[in-house]
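Listed in order, the protein sequences are those of chains A and B. Under this note's numbering, the first residue of the first sequence is numbered 15, with each subsequent residue one higher. Under this note's numbering, the first residue of the second sequence is numbered 146, with each subsequent residue one higher.
Heads up, some of the hints might be wrong.
Below, in silico cross-link-like pairs of lysine-lysine (DSS-like), each with a Cα-Cα straight-line distance of 25 Å or less [what the hints assert, rightly or not]:
| no. | chain 1 | residue 1 | chain 2 | residue 2 |
| --- | --- | --- | --- | --- |
| 1 | A | Lys59 | B | Lys413 |
| 2 | B | Lys584 | B | Lys190 |
| 3 | B | Lys192 | B | Lys584 |
| 4 | B | Lys190 | B | Lys452 |
| 5 | A | Lys30 | A | Lys59 |
| 6 | B | Lys430 | B | Lys192 |
| 7 | A | Lys30 | B | Lys413 |
| 8 | A | Lys69 | B | Lys413 |
| 9 | B | Lys452 | A | Lys30 |
| 10 | A | Lys104 | B | Lys413 |
| 11 | A | Lys67 | A | Lys104 |
| 12 | B | Lys330 | B | Lys190 |
| 13 | A | Lys30 | B | Lys584 |
| 14 | B | Lys246 | B | Lys194 |
| 15 | B | Lys330 | B | Lys584 |
| 16 | A | Lys69 | A | Lys30 |
| 17 | A | Lys59 | A | Lys104 |
| 18 | A | Lys30 | A | Lys67 |
Distance ranges between label pairs, derived from CB positions [said to hold, decoys possible]:
| no. | chain 1 | residue 1 | chain 2 | residue 2 | range |
| --- | --- | --- | --- | --- | --- |
| 19 | A | Ser118 | B | Thr556 | 50 to 56 Å |
| 20 | B | Asn432 | A | Thr60 | 37 to 43 Å |
| 21 | B | Leu214 | A | Ala43 | 38 to 44 Å |
| 22 | B | Leu214 | A | Arg112 | 31 to 37 Å |
| 23 | B | Arg202 | A | Pro76 | 23 to 29 Å |
| 24 | A | Ser120 | B | Pro390 | 38 to 44 Å |
| 25 | B | Asp538 | A | Thr54 | 21 to 27 Å |
| 26 | A | Ser120 | B | Pro516 | 28 to 34 Å |
| 27 | A | Ser118 | B | Leu214 | 57 to 63 Å |
Output of the computed footprint for chain A on chain B, the stretches with three or more beta carbons under 8 Å from beta carbons of chain A [as the list claims (entries may be wrong)]:
| no. | region |
| --- | --- |
| 28 | 232-241 |
| 29 | 400-406 |
| 30 | 472-478 |
It should be emphasised that the hints constitute simulated quantities derived from the structure, not laboratory data. For glycine and all other residues, C-beta sits at the position ideal for the given N, C-alpha and C.
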Amino acid sequence: MKVSLSRIAHGRSGDKGDICNIGVIAYDARHYPLLVREVTAQRVKTFFGDFVKGKVERFELPNLAALNFLLYEALDGGGTLSLRIDAQGKTMSAALLRIEIEVSESELAL
Amino acid sequence: MIRIANGQGFWGDWLEAPVRLIEQGPIDYLILDYLAEVTMSILQKQKKKDPTLGYARDFPPLIARVERLLRDRNVKVIANAGGVNPIACAREIRRVAPSLKVAVVLGDDVFPRLDEFLAAGHPMRNMDTGAALSTIRDRIHSANAYLGAFPLAEALATGADVVVTGRCADAALALAPMVHRFGWKADEWDKLASGIVAGHIVECGAQSTGGNCQVDWQSIPDLANIGYPIVEADPDGSFSITKHPGTGGRVSSNIIKEQLLYEIGDPKNYLTPDCAADFTTIQLKDNGPDRVRVTGVRGGPRPEMLKLSISYADGWKSIGTLVYSAPQALEKAQAADRIVRARLEQLGLRFDEIYTEFFGVNACHGPVAVPNPNPAEVQLRIGVRGPDRNAVDRFTRELIPLVLSGPPTATGYGEGRPPVREIVAYWPAMIPRELVPAKVEVVE
């Protein structure tokens, strides 16, 4: 079945120049493998589409049951150059948490 | 064990936070982070106009306000409030709080030395684009190296009550008291990395105590009186994160995880002037109410190069807005956007970029925003940027006429024309660390 990523994870996002970073964290460490399987760099890149011009990189932090994404050329130039209201990418994690992931009921059950 | 509290996540953060940290419970060190990347260029401009300025002007009045408390409770302060003029900042503190001993850390400001570095064959290429610094040499406002914790520890060793620095790594502010009090050596990478992780957790102030937190945010108590974070650091490098009892907010491992992941790159290699920290080794444990224990942090050698933060003028920009009400609020705003663009085109004005957002529909999340098919109102927000100030200025006159000459029900123009602002861009670069020696001075 499909569930919103926000059901099993929370996050925080910010900037480094024109790179936006999004941390995605499983509420329960037992759901971490689902994050690893479902929330791939490609999935994130596809979700944001044109909003993110560059590549997406993913890093794994199993100790925190978390993933860190770097979204390149994601902030219209970033910093003082950007003309976006969210030039620092503060709200990007909230957007990503809306994606739907494919999981079975037994995988969700804790 | 020593207690290190952070009372300022950026210049402009809550003015009451540092005072409450001193008043509401025991702390040994109060650290305050004032400097964002663009702050240095603003301060450099201020110093150019008046050589006694160029530092965070909120800081000396704060110290004057808490002078007596600092003495009575034996709290030492470490702040990067010095900006591009730490000596002037220290003198002002001595003037308004004469009973306190003040030390400064100097050496980060390399603005006067850039030509010397270039002549010696250091290109200071942009770390993101690879471009050579010479391409923007005549437009540079400021240049500062990120210093580490050891000069700050040296400043604490003078017995200073207040240590004022210019640019240093944010997390070094928290590491410095640990180096000073625990006598950590420059190659004890695991301990240093642990101190850096502590610094990273608290450097954004209340973001580690329940502010800007997505975990069940409505249940977080009393954000109006949120407690700012406190590190309880042990000599072996392990530490706890907590806040004063009775304050608002929350400290939990979920919240600490959010902050650990905030504005990082490769988690295995978090680089600082003092060490590399491996965030994949961090172990967290909820350890009582509003208390998280952090252990296991591993580190590696410090880099040979220090990071430089260089700011430079990169053209002009302006962002203007108009509001349209329902019905058809979005359609009206979209029509107005087309009219403005057509008029700019007819004037032959060239910009590097024209960027439009429809507030209430897609401003924060662009094409992935939650659909909002019939908004009560939409704010049209158009921004332009480019090298020609006159073109940007002309743009600022092209929005308000639409109130009479564009689609119906335009409002929200009460502020008049939007201002034209100079773009101060950020140029990250590297320089060999031996070229940037730090110096500590006690200011009488």
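Hints versus structure:
This hinted pair checks out: A:Lys59 and B:Lys413 have alpha carbons roughly 22 Å apart, not beyond 25 Å. A C-alpha spacing of about 24 Å is found between B:Lys584 and B:Lys190, which places the hinted pair at or below 25 Å, so the restraint holds. Between B:Lys192 and B:Lys584 the CA atoms are separated by roughly 21 Å; this keeps the pair inside 25 Å, and the hint holds. Only pairs whose Cα atoms come within 25 Å are accepted, and B:Lys190 paired with B:Lys452 is accepted, the gap being roughly 22 Å.
Proximity of A:Lys30 to A:Lys59 is assessed by CA-CA distance (about 18 Å); at most 25 Å being required, the pair is judged to hold. For the proposed pair B:Lys430 and B:Lys192, the alpha carbon gap of about 46 Å is over 25 Å, so the pair is violated. In summary, the hint linking A:Lys30 to B:Lys413 is supported, as the alpha carbons are separated by about 17 Å, within the 25 Å threshold. Using a Cα cut-off of 25 Å, the hinted pair A:Lys69 and B:Lys413 holds, with the two alpha carbons roughly 20 Å apart.
Note on B:Lys452 and A:Lys30: the hinted pairing holds, with a Cα-Cα distance of about 14 Å set against a maximum of 25 Å. Taken as a hint, the A:Lys104 and B:Lys413 pair is honoured in the structure, with Cα atoms around 23 Å apart against an allowance of 25 Å. Under the criterion of a C-alpha separation no larger than 25 Å, the hint pairing A:Lys67 with A:Lys104 is consistent with the structure, at around 18 Å. For the hint pairing B:Lys330 with B:Lys190, the CA-to-CA distance comes to about 38 Å; that exceeds 25 Å, so the pair is violated.
Taken as a hint, the A:Lys30 and B:Lys584 pair is broken in the structure, with Cα atoms around 29 Å apart against an allowance of 25 Å. At most 25 Å may separate the alpha-carbon atoms for a hinted pair to count; B:Lys246 and B:Lys194 exceed this at roughly 28 Å. A C-alpha spacing of about 19 Å is found between B:Lys330 and B:Lys584, which places the hinted pair at or below 25 Å, so the restraint holds. For the given pair, A:Lys69 sits about 15 Å from A:Lys30 by alpha-carbon distance, which is consistent with the 25 Å threshold.
With a C-alpha separation of about 18 Å, the suggested pair A:Lys59 and A:Lys104 falls inside the 25 Å cut-off, and the hint holds. Between the alpha carbons of A:Lys30 and A:Lys67 the distance comes to roughly 15 Å, so the proposed pair stays at or under 25 Å and holds. Taking 50 to 56 Å as the suggested C-beta distance range, the pair A:Ser118 and B:Thr556 conforms, at roughly 52 Å. About 40 Å separates the C-beta atoms of B:Asn432 and A:Thr60, a value consistent with the hinted range of 37 to 43 Å.
Between B:Leu214 and A:Ala43, the C-beta spacing of about 42 Å keeps the proposed range 38 to 44 Å intact. Separation of B:Leu214 from A:Arg112 is about 46 Å and departs from the stated range, judged on CB atoms against 31 to 37 Å. Checking the proposed 23 to 29 Å range against B:Arg202 and A:Pro76 shows it is violated: the Cβ atoms sit about 45 Å from each other. The given range of 38 to 44 Å is respected by A:Ser120 and B:Pro390, whose C-beta atoms sit roughly 42 Å from each other.
Checked against the hint of 21 to 27 Å, the C-beta distance between B:Asp538 and A:Thr54 comes to roughly 46 Å, which is inconsistent with it. Checked against the hint of 28 to 34 Å, the C-beta distance between A:Ser120 and B:Pro516 comes to roughly 32 Å, which is consistent with it. Separation of A:Ser118 from B:Leu214 is about 58 Å and conforms to the stated range, judged on CB atoms against 57 to 63 Å. Closer than 8 Å: that is the beta-carbon criterion, and the region 232-241 of chain B has 0 residues meeting it against chain A, so the requirement of 3 is violated.
Counting residues of the region 400-406 of chain B whose CB falls under 8 Å from any CB of chain A gives 5; the rule of at least 3 is met. Evaluation of the coverage hint for the region 472-478 of chain B: breached, as 0 residues show C-beta separations to chain A shorter than 8 Å, against a requirement of three.
Comparing the model with each numbered hint stated earlier shows that hints 6, 12, 13, 14, 22, 23, 25, 28, 30 do not hold.
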